[in-house]
Amino acid sequence: MKSTITRTFSKGWILLSALTLVVILTGCASVDPAPFNEFTASLTPLRDAIDAQATEAASASREEFIDKVTDGEISPADLQLEFDSSNSFATSYGFAEDGEPNFVKFGRFRLGLTALNNAMIGYAQTLAILAGGDSAGDILPSATEFDQMARDLNTNAGTAAAALGVSVEPGKQALLSTAAIQLFKAYIDNQRRKELVAAISEVQPRVAEYASSAQQAVRLLASLVETDYNKKILPLLTTSPPNADAILTFNEATQTTLVTLQSMSNGYGALPAAHRDLMAAADNKTTGLAGLIALGDEASRLNGLVKQLTQTNTAAIAAAPTN
Amino acid sequence: MSQEIETKLDVLKGMNSSLGKITNVQVRLTLAGKADLAQELDVHRKALLDQIEKLQGQIADQWTVDAEVLVQKLSEANTKVQTRIRNIKNKVNIVKNATQIIGQIDDAVAFLKTVVA
Numbered sequence: 654m655k656s657t658i659t660r661t662f663s664k665g666w667i668l669l670s671a672l673t674l675v676v677i678l679t680g681c682a683s684v685d686p687a688p689f690n691e692f693t694a695s696l697t698p699l700r701d702a703i704d705a706q707a708t709e710a711a712s713a714s715r716e717e718f719i720d721k722v723t724d725g726e727i728s729p730a731d732l733q734l735e736f737d738s739s740n741s742f743a744t745s746y747g748f749a750e751d752g753e754p755n756f757v758k759f760g761r762f763r764l765g766l767t768a769l770n771n772a773m774i775g776y777a778q779t780l781a782i783l784a785g786g787d788s789a790g791d792i793l794p795s796a797t798e799f800d801q802m803a804r805d806l807n808t809n810a811g812t813a814a815a816a817l818g819v820s821v822e823p824g825k826q827a828l829l830s831t832a833a834i835q836l837f838k839a840y841i842d843n844q845r846r847k848e849l850v851a852a853i854s855e856v857q858p859r860v861a862e863y864a865s866s867a868q869q870a871v872r873l874l875a876s877l878v879e880t881d882y883n884k885k886i887l888p889l890l891t892t893s894p895p896n897a898d899a900i901l902t903f904n905e906a907t908q909t910t911l912v913t914l915q916s917m918s919n920g921y922g923a924l925p926a927a928h929r930d931l932m933a934a935a936d937n938k939t940t941g942l943a944g945l946i947a948l949g950d951e952a953s954r955l956n957g958l959v960k961q962l963t964q965t966n967t968a969a970i971a972a973a974p975t976n
Numbered sequence: 493m494s495q496e497i498e499t500k501l502d503v504l505k506g507m508n509s510s511l512g513k514i515t516n517v518q519v520r521l522t523l524a525g526k527a528d529l530a531q532e533l534d535v536h537r538k539a540l541l542d543q544i545e546k547l548q549g550q551i552a553d554q555w556t557v558d559a560e561v562l563v564q565k566l567s568e569a570n571t572k573v574q575t576r577i578r579n580i581k582n583k584v585n586i587v588k589n590a591t592q593i594i595g596q597i598d599d600a601v602a603f604l605k606t607v608v609a
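Here the protein sequences line up with chains A and B, keeping their order. In case it helps, this note's numbering puts the first sequence at residues 654 to 976. In case it helps, this note's numbering puts the second sequence at residues 493 to 609.
Be aware that one or more of the hints could be misleading.
Unchecked claim - Each computed PhoX-like pair below joins lysine-lysine, with the alpha-carbon atoms no more than 25 Å apart:
#  : chain 1 : residue 1 : chain 2 : residue 2
1  : B       : 583       : B       : 572
2  : B       : 538       : A       : 884
3  : B       : 538       : A       : 721
4  : B       : 588       : A       : 884
5  : A       : 847       : B       : 588
6  : B       : 546       : A       : 885
7  : A       : 885       : B       : 588
8  : A       : 885       : B       : 500
9  : B       : 565       : A       : 885
10 : B       : 526       : A       : 884
11 : A       : 847       : B       : 513
12 : B       : 513       : B       : 538
Unchecked claim - Have a look at the derived ranges for each label pair, beta carbon to beta carbon:
#  : chain 1 : residue 1 : chain 2 : residue 2 : range
13 : B       : 550       : A       : 885       : 21 to 27 Å
14 : B       : 525       : A       : 747       : 42 to 48 Å
15 : B       : 583       : A       : 943       : 30 to 36 Å
16 : A       : 685       : B       : 539       : 55 to 61 Å
It should be emphasised that the hints constitute simulated quantities derived from the structure, not laboratory data. C-beta atoms are modelled at their ideal positions from N, C-alpha and C, and glycine is treated no differently.
For reference, chain B alone in the conformation it holds in the complex (with noise of 0.2 Å):
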């Protein structure tokens, strides 16, 4: 978990919070028929979301990288459990061929003797 991206979501709440009361600030300005107020907060309220979605795409891109990693990490992951399963698998092989194998010493000792004759 990247501490930096916790601590940039937990600026952008803080953020997004103040964007809220500005907000409502704004609406009750305008309600109350004070136009030019309301337009004058108006400007600073934009500049505050520009802000905001400045930090939001920052964030999903600092995201994305970090994920990369991750999702590298987990395919190895995934890798070494194909592996496990491919050894389990030859175990399992080894003993069934070793079953028919076991047939075969007839022919083995057979040829043997013609071997050693």
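This is chain A alone, in the form it adopts within the complex (with noise of 0.2 Å):
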């Protein structure tokens, strides 16, 4: 019986030893998580950007709407809330003629946005948890914890062998220890690089959808800027006598506007060669992350227009006429 157990133990050392060769042959390297955290920090500015463009249009068109009441073109009458017979907390512009004021759509259409883009940020970050990104440390142990198991499964497999009356050499024991937690470590990495490919290859149609829909957004946000641009622009132009340079600074803020606006567009249209990129950094694949590359590119270039929007607009808002 001894020797049986003896032989058996013999023979799963030598299967250890000789797996363990094929792990360090093979390569068990951990999954670089910096791509899946780059990936989620190029979230961020897009978002911001939006809601902040989102933000601006909805703050516009609820003033244009009080301006319209102050100048008699909309009754006070139609800003009197309804409230819904059967839910005690709804309300709605009901008594409005023209059914329900833009700015409230746009208010909606802002809130939308930001949790459409907070859904996307909130799946990105956990992806890079799963990757190892975690900013509290990696879901899997760290090499010293490894180390620590092997010692631990050290030990204590010398006491089960004792108790079991297995007698095992200490150095094939320590080295039969150290197998072991070896070969947990590179199954559990493999396990881990095949969890975000099958996740993130489920998910790709939806992080399709959702650039699609976000440049929908985008495209919606452009036209608003054009409109608001044909209505203020014609007292600039008929103003006597001519204020070219309130023209040319209304001009350049539009235009800087519809840059950065073309900017988020193309940032979000990068994202699902992005997302897919990911798949390759977890084999990590180092060479031809270009959709990453692009994503990455377009956000830093998105930071600097947002700050040069800003400043344009400072400049617009200065140059104004005032009534």
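From the two separate chains plus the hints, produce the assembled complex.
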């Protein structure tokens, strides 16, 4: 009985040694979380930039509505809220002749946009955690913890072997424990890689859908800029004497806004390819990640444009003629 | 991606383009001193503007409804990734516990001996 167990342990040791060698030869490097963290980080400037534009649109629409009431174009009667008869907490501008004012719709649109971007960021953050990029630490044990596990196994396996009356040479026992833990490390690293690839592959169609939807939102915001330009340019162009400086400043602000929106659209457009690149990143491929690079570049460009837009808008406000 | 929203955005683009052209004509009429004609054109311009704003409101509403569905899908994707994380953590914990439990065999054997004896 004793010799059978000893033989079994010997065979096990040979098997584990051989497998460890295979692991060493094939390589078992952990997933690099950096590309996953970069992907998540690129989403934040996109969310912040589009949120600022949507907030601006909702606020401009509200101000315009107030002006129309002041000018008598809209009746104050249309401002009365109608309380829902079946829902104690719901209200609407149900008495308004033309239905709900646009500023209410744009307010909801902005909230929807924020929720959508936050949902995407939430997913990306969780993916980064799976890849080992959590700021609180990797989900897998560190190298030190794996060493400790090997030491624990070595100590406890010795106790177990003694209890079972099995004789294992102390040197071989240590090697056996180390090999077992190394094998587990390789297995769990591989498992993580598989889980990452499976998750990315499964969510890829959703990311494409998200990117298209966000691009549509950007197009809508661009259309609001164009409409707003055509409303405001008329009095500027017909003022006597002509105020070219005010016109040009307004033109520049409009152009900078559109360039910023275009950058947002490009950023969202780059997302599906960047997300697909994360599959390669899970396999520790560091070259050919063109999608991730394009997204990172667009996010940096957008950051610069947002700063420029803030400056241009400040100049436009200063140059606007006072009534 | 909603094809209907895409189509409406294309229509909106065309309407905005027309608005720009009408605005330019109105400016030229005003600058040329043809105030009556400019005023007449302004009525049509405002009517177009109203239609543009109505369509913008419709698109914003439709987009918001579609986005809610997408938020739900992304949240579900997030939950699934969290499950994957939990599964991996469980596997690690099982091995961590196993390395400790093996040490308890001594006690288990002693216990068995008392039961068998």
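Cross-check of the supplied hints:
1. Between residue 583 (chain B) and residue 572 (chain B) the alpha-carbon distance is near 17 Å, which keeps this suggested pair within the 25 Å criterion.
2. The suggested pairing of residue 538 (chain B) with residue 884 (chain A) holds, with an alpha-carbon distance near 9 Å, which does not exceed 25 Å.
3. Proposed proximity of residue 538 (chain B) and residue 721 (chain A) is supported: the alpha carbons are some 13 Å apart, at most 25 Å.
4. Taking the CA atoms of residue 588 (chain B) and residue 884 (chain A), the gap is near 68 Å; set against the 25 Å cutoff, the hint is violated.
5. Under the criterion of a C-alpha separation no larger than 25 Å, the hint pairing residue 847 (chain A) with residue 588 (chain B) is consistent with the structure, at around 22 Å.
6. Distance hint between residue 546 (chain B) and residue 885 (chain A) is fulfilled; the C-alpha atoms sit about 19 Å from each other, no more than 25 Å.
7. Between residue 885 (chain A) and residue 588 (chain B) the CA atoms are separated by roughly 68 Å; this puts the pair beyond 25 Å, and the hint is violated.
8. This hinted pair checks out: residue 885 (chain A) and residue 500 (chain B) have alpha carbons roughly 24 Å apart, not beyond 25 Å.
9. Pair hint residue 565 (chain B) plus residue 885 (chain A) does not hold up; C-alpha atoms about 40 Å apart against a cutoff of 25 Å.
10. This hinted pair checks out: residue 526 (chain B) and residue 884 (chain A) have alpha carbons roughly 20 Å apart, not beyond 25 Å.
11. Note on residue 847 (chain A) and residue 513 (chain B): the hinted pairing is violated, with a Cα-Cα distance of about 57 Å set against a maximum of 25 Å.
12. The hinted pair formed by residue 513 (chain B) and residue 538 (chain B) meets the criterion: a straight-line CA distance of about 13 Å does not exceed 25 Å.
13. Checking the proposed 21 to 27 Å range against residue 550 (chain B) and residue 885 (chain A) shows it holds: the Cβ atoms sit about 23 Å from each other.
14. In this structure the supplied range 42 to 48 Å holds for residue 525 (chain B) paired with residue 747 (chain A), their Cβ-Cβ distance being about 46 Å.
15. Between residue 583 (chain B) and residue 943 (chain A) the CB atoms are about 34 Å apart, so this pair conforms to the stated range of 30 to 36 Å.
16. The given range of 55 to 61 Å is respected by residue 685 (chain A) and residue 539 (chain B), whose C-beta atoms sit roughly 59 Å from each other.
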